[in-house]
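S.K.: Line order of the protein sequences matches chains A and B.
To convert, note that position 36 of the first sequence is 36 in my numbering; the numbers rise steadily by one, no gaps.
Position in the second sequence (first residue = 1) + 1000 = my numbering.
Misleading hints may appear alongside valid ones.
Stated by the list, open to error - Result set (SDA-like, lysine to any residue): computed pairs, CA atoms no more than 20 Å apart in a straight line:
id	chain 1	residue 1	chain 2	residue 2
1	B	Lys1183	A	Met1
2	A	Lys2	B	Pro1136
3	A	Lys2	A	Arg107
4	B	Lys1160	A	Lys2
Derived from the structure by calculation, the hints contain no laboratory data.
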Amino acid sequence: MKPIHYYRCLRGIVWREGLRFLNQRGRFVAALVRPLVWLVIFAAGFRFVLGVSIIPPYQTYIPYEEYIAPGLIGMIQLFQAMQSTLSMVWDREMGSMRTLLVSPLPRWYLLVSKMVATVAVSVLQSYVFLGIAYLWGIQPPPVGYVTVLPALILSGMMLSALGLLISSAIRQLENFAGVMNFVIFPMFFASSALYPLWTVREANEKLYYFCMANPFTHAVELVRFALYEKFNAEACAVVVGALVVFMALAILGYDPGRGLIVRRAAAE
Amino acid sequence: MGGEAVKGAMLDLKPEAASRKTRHAPRPEAPPLVVEGLSHAFGPRQALCEVSFELDRGDRTVLLGLNGAGKTTLFSLITRLYNHRGGSIRIFGWEIKQNPSEALARLGVVFQLPTLDPDLSVAQNLFYHAALHGLPRREAAARITREIERVGLTERMHEKARTLSGGQRRRVEIARALIHRPKMLLLDEATVGLDIASRQFLLDHVRMLCREEGLAVLWATHLIDEVDSEARVIVLHKGRILAKGPVPEVIRQADAASIREAFDRLTGERGA
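Bound conformation, chain A alone (with noise of 0.2 Å):
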């Protein structure tokens, strides 16, 4: 097998993502608006509530919106993973995900490629809003929005990993609200998203451990550092910790010899 024979896959799986994004023009739009709610309402409301002191990487007092602008980014590219995710189990369900396994390219290079699929729509829909923010008062240094890309693809690998572990894992459509409850709102919330984490540790010493456990925190800070042109590096070590980590499991989830795909085809 040839290099060229990976890229035309890489490329088709990429731009199909793409059309289906393309194709369902609300899911695109519903994509931005749920930040922007949150940016121009939420934060609006609680500018004066949630007072933010002085922590890396800003130099002086800013704006609760320009808090949690790296915070929405982070939820761009966790509802877009869990999108993927929906879509995977979708396809299983309705079968089309069957054309992806019979590929003769092997099944890791299948999912790493949906995982970059998934990627280039999240970085895509981060520009997008980070261009609406602007508008908004929101703005990082120009180069900010260069430094950021690595982070923007470095923790939209990781929650796409995540999104496929979970895909091998769901065994139906309806478990998907599960996932809502156990997975995305607990890891928005128990990061610093929406609050700097010293604020929890405050209120509770074991929650604020939490939180710092939760490696979309540290896609959070990564995201939040390279918008300001700063490197974070324990971010950066957990996110890829992270990635390794859940894209060992996604595959072993979708290994045909023992992973729980074959779990699955038994309770079928």
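Got chain A sorted already, so can you dock chain B onto it with the hints?
M.R.: Chain B in isolation, oriented as in the chain A frame:
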């Protein structure tokens, strides 16, 4: 489109190259499909038990069995949706568990459930499949045009798959299964839910593929009237093969007057 171009565009999966990895290069004349002593269980439930059969080039073999006989499990194992536990499956000499890429590149599949993406157009669905097999876009476009023309759906090429009827979707799925030029085609209950005309079209199209292109076909069905005298038949029941061979031979083995009677006698149940 010349044979050389086709060969060049397919995944470069030459037996010699893969043999370095496996040390078991298949013979060039290896049969399309050899299933030997295949057994598979889901927990305590035995789905397939010591299943063995072989397909030759140009063979149209009907895998006949009632619902729950193990047909879909067999297809899932041949296409490596999951691995088999006992026995072996060799596609053109490649053991599917050890060399899945080499085996799957030579296989076209039409699954029981519709597998087209309803949100994409017919052409987009086919381009996606071509990409999954590593075909270059220009080559894929030529093949898609040809295959869609052969199933008579050229004018629907740019319409969303969801706007097609069940029969038309099946035709597109057959066209799709042939884009990467497989040497063997698997169809799992492909005619379920289709009207008489669509069903006849599929049967005729598949017969033509065997006759004119030498494609080996494994056609799983529970409908006895899809077995004709020119086909070979495998009677699968509760995970076991009860009879196999040319239709007249199976009828003779069962000491019956027709394939329907032979099936009823062999399984002890009435076929559809």
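S.K.: Indicate, hint by hint, whether the structure satisfies it.
M.R.: Okay, the hints, checked on the actual structure:
1. B:Lys1183 with A:Met1: Cα-Cα ~18 Å, so holds.
2. A:Lys2 with B:Pro1136: holds, 13 Å
3. A:Lys2 with A:Arg107: Distance ~16 Å between A:Lys2 and A:Arg107 Cα, so the pair holds.
4. B:Lys1160 with A:Lys2: violated, 33 Å
This entry does not satisfy hint 4, going by the numbered hints stated previously; all others are met.
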